[in-house]
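A.B. asks: Residue-level listing of the chains:
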Amino acid sequence: MTESNYTVFGIPMQQRSARRKLVVAAYLILAIVCGVTIAFIHVSAYLYCYAIYAALAFSFIVFGGMGRRGLLKPFSNKPPRPEPVMVMMVQLQLRPKALVPQDDSAWRNDERELSRRDRAHYQAYGPVGVMLVALLCLMAIANHPWPWISLPVLMNVAFGIALVATVLCMTLPAAIILWTEPDIEPM
Amino acid sequence: MIEQTSFLGMPLRTQRQRRLLVVLYYTVLLGFAVAGLWMGEKTWGPLVAQTLVFGGLLGGIRMGGPVKAYARPGFPLDMDSTVHTLNLDGRKPFDPSTPEAWVPLDERERNRRDVAHYTAYRILRWAFGGFVLAYFLVMGWAPAWIADKTLFLLWVFLLYVLSLPQAVVLWTEPGEPAGELIALPRP
Numbered sequence: 071m072t073e074s075n076y077t078v079f080g081i082p083m084q085q086r087s088a089r090r091k092l093v094v095a096a097y098l099i100l101a102i103v104c105g106v107t108i109a110f111i112h113v114s115a116y117l118y119c120y121a122i123y124a125a126l127a128f129s130f131i132v133f134g135g136m137g138r139r140g141l142l143k144p145f146s147n148k149p150p151r152p153e154p155v156m157v158m159m160v161q162l163q164l165r166p167k168a169l170v171p172q173d174d175s176a177w178r179n180d181e182r183e184l185s186r187r188d189r190a191h192y193q194a195y196g197p198v199g200v201m202l203v204a205l206l207c208l209m210a211i212a213n214h215p216w217p218w219i220s221l222p223v224l225m226n227v228a229f230g231i232a233l234v235a236t237v238l239c240m241t242l243p244a245a246i247i248l249w250t251e252p253d254i255e256p257m
Numbered sequence: 008m009i010e011q012t013s014f015l016g017m018p019l020r021t022q023r024q025r026r027l028l029v030v031l032y033y034t035v036l037l038g039f040a041v042a043g044l045w046m047g048e049k050t051w052g053p054l055v056a057q058t059l060v061f062g063g064l065l066g067g068i069r070m071g072g073p074v075k076a077y078a079r080p081g082f083p084l085d086m087d088s089t090v091h092t093l094n095l096d097g098r099k100p101f102d103p104s105t106p107e108a109w110v111p112l113d114e115r116e117r118n119r120r121d122v123a124h125y126t127a128y129r130i131l132r133w134a135f136g137g138f139v140l141a142y143f144l145v146m147g148w149a150p151a152w153i154a155d156k157t158l159f160l161l162w163v164f165l166l167y168v169l170s171l172p173q174a175v176v177l178w179t180e181p182g183e184p185a186g187e188l189i190a191l192p193r194p
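Those protein sequences? They're chains A and B, same order as listed. The numbering of the first sequence is the working numbering, which starts it at 71 and goes up by one. The numbering of the second sequence is the working numbering, which starts it at 8 and goes up by one.
Hints are computed from structural coordinates only; laboratory data are not their basis. Check the hints yourself; a few may be wrong.
[Said to hold, decoys possible] In silico contact screen, one side only, chain A against chain B (beta carbon under 7 Å); selected entries:
# : residue
1 : Asp188
2 : Arg189
3 : His191
4 : Tyr192
5 : Leu202
6 : Leu206
7 : Met209
8 : Ala210
9 : Asn213
This one's a predicted model, so the numbers in the text were calculated from it and none came from an experiment. C-beta: ideal position from N, C-alpha, C; glycine also.
Assemble the whole structure, with the sequences as input and the hints as a guide.
C.D. replies: Here it is as C-alpha cells:
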C-alpha cells in the first residue's frame, strides 16, 4: 500500500516499526497542536485553523491516501492527470497510442490494497462516531449545565472534542493502514 | 447482506424497493429535522433519546433491520434459570435454532460492509466540511439562532453518520437477493 520510494523526509519506511513510530510521532505533534489550540482559544477564535492545517498536512504530505503525495497510494484509485506527450503527433492533434502498457503500479491499488483501504475506513468509522456522540452529550449538558461544571469549561471540552474528531476524521484511516501493514521486503 | 425481504410492511426484494426505503428514511429524517427546528427545544429531548432507534433502524449497527448486523450483538440474559437471573453464569447466547441468531458475515458480506463504510466515510468528509461551512456562514448573520439550534443540528448529523453505511448497502446491493433468502418471522 506504499509508494515506490518508501521514504518520508528521507527516512526509510519499509519496516512496520518505522511506520508505527511515524504514526505515533504524527499524533503526538497533532495532540500538541490541538492542546495549544484549546489552551489559547480565548486569545483568538481562529486558532483552530492551525490544527486543521496540521492534520491536512499530515494527510496529504506524510500519510498519503488523500492526494498524490505521501506513503499511501491515493484511496480514490484513479490515474493521475495525463501529462502531454512531447511528440510531433501532439502538434497534429492526434492521440498517440502507447506501444507498451504504462506502469500504473504507482497509483493503482490492487485487490488486497482496496480491501485494506475499505477495512481501515470501517475501523475508523466507529471512533469518529463515538466522538460525535460524546460531543452531542456535552452539548446537551451545556444546554442545561450542572451546578458543579461551569459553562465555559463545558464549551472548551466540547470544542476540544470537536477539534480532535475533525483531526481523526482526516487522518485515522491512513494511520490505521500504516500501523497494520506488514514489513515490505526489499526488491 | 440484506437480511429481510420486507421491512415495516415494505417489500425489499429488488434494488428499486430498497432504494425507495432509503429515500423514505431520509425524507422522514428531514421531516423530523424541519419539525424540530420549527417547534423548538421542547421536541429535542425525546428526539435525542430516540437516536439509536432511528440511527439503527436500517440495521447494521443493531439487529432487526434490513441490513445484517455487522458484529455480534450483546446477548440478553436467559431469565429461565435462577442462576442466570442472578447473572452468576454471565451472558448467554441466543438459541442458535431461532431465526434471530446472529450468523457471522461471510467474506463477500465483510467486503460489502467495508466498501459501504469507505463510501460513507468519503460522503461524510464532504458533508462534514459542508456542515461546518454552513454553520459558520449562518453564524455570521444569525448567531443567536444557530447557537440555539446547535444541539439539534448535531443530533441530525449523528443520525446521518449512524445510518449512512447501511443506506449505502441498501442502495448498492444488486438486484434480487439470493434464492435461499426467505422472510424471517418477526418476534
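A.B. asks: If a hint holds in the structure, say so; if it doesn't, say that too.
C.D. replies: The hints, checked one at a time:
no. : hint   : verdict
1   : Asp188 : 3 Å, holds
2   : Arg189 : 5 Å, holds
3   : His191 : 4 Å, holds
4   : Tyr192 : 4 Å, holds
5   : Leu202 : 5 Å, holds
6   : Leu206 : 5 Å, holds
7   : Met209 : 5 Å, holds
8   : Ala210 : 6 Å, holds
9   : Asn213 : 6 Å, holds
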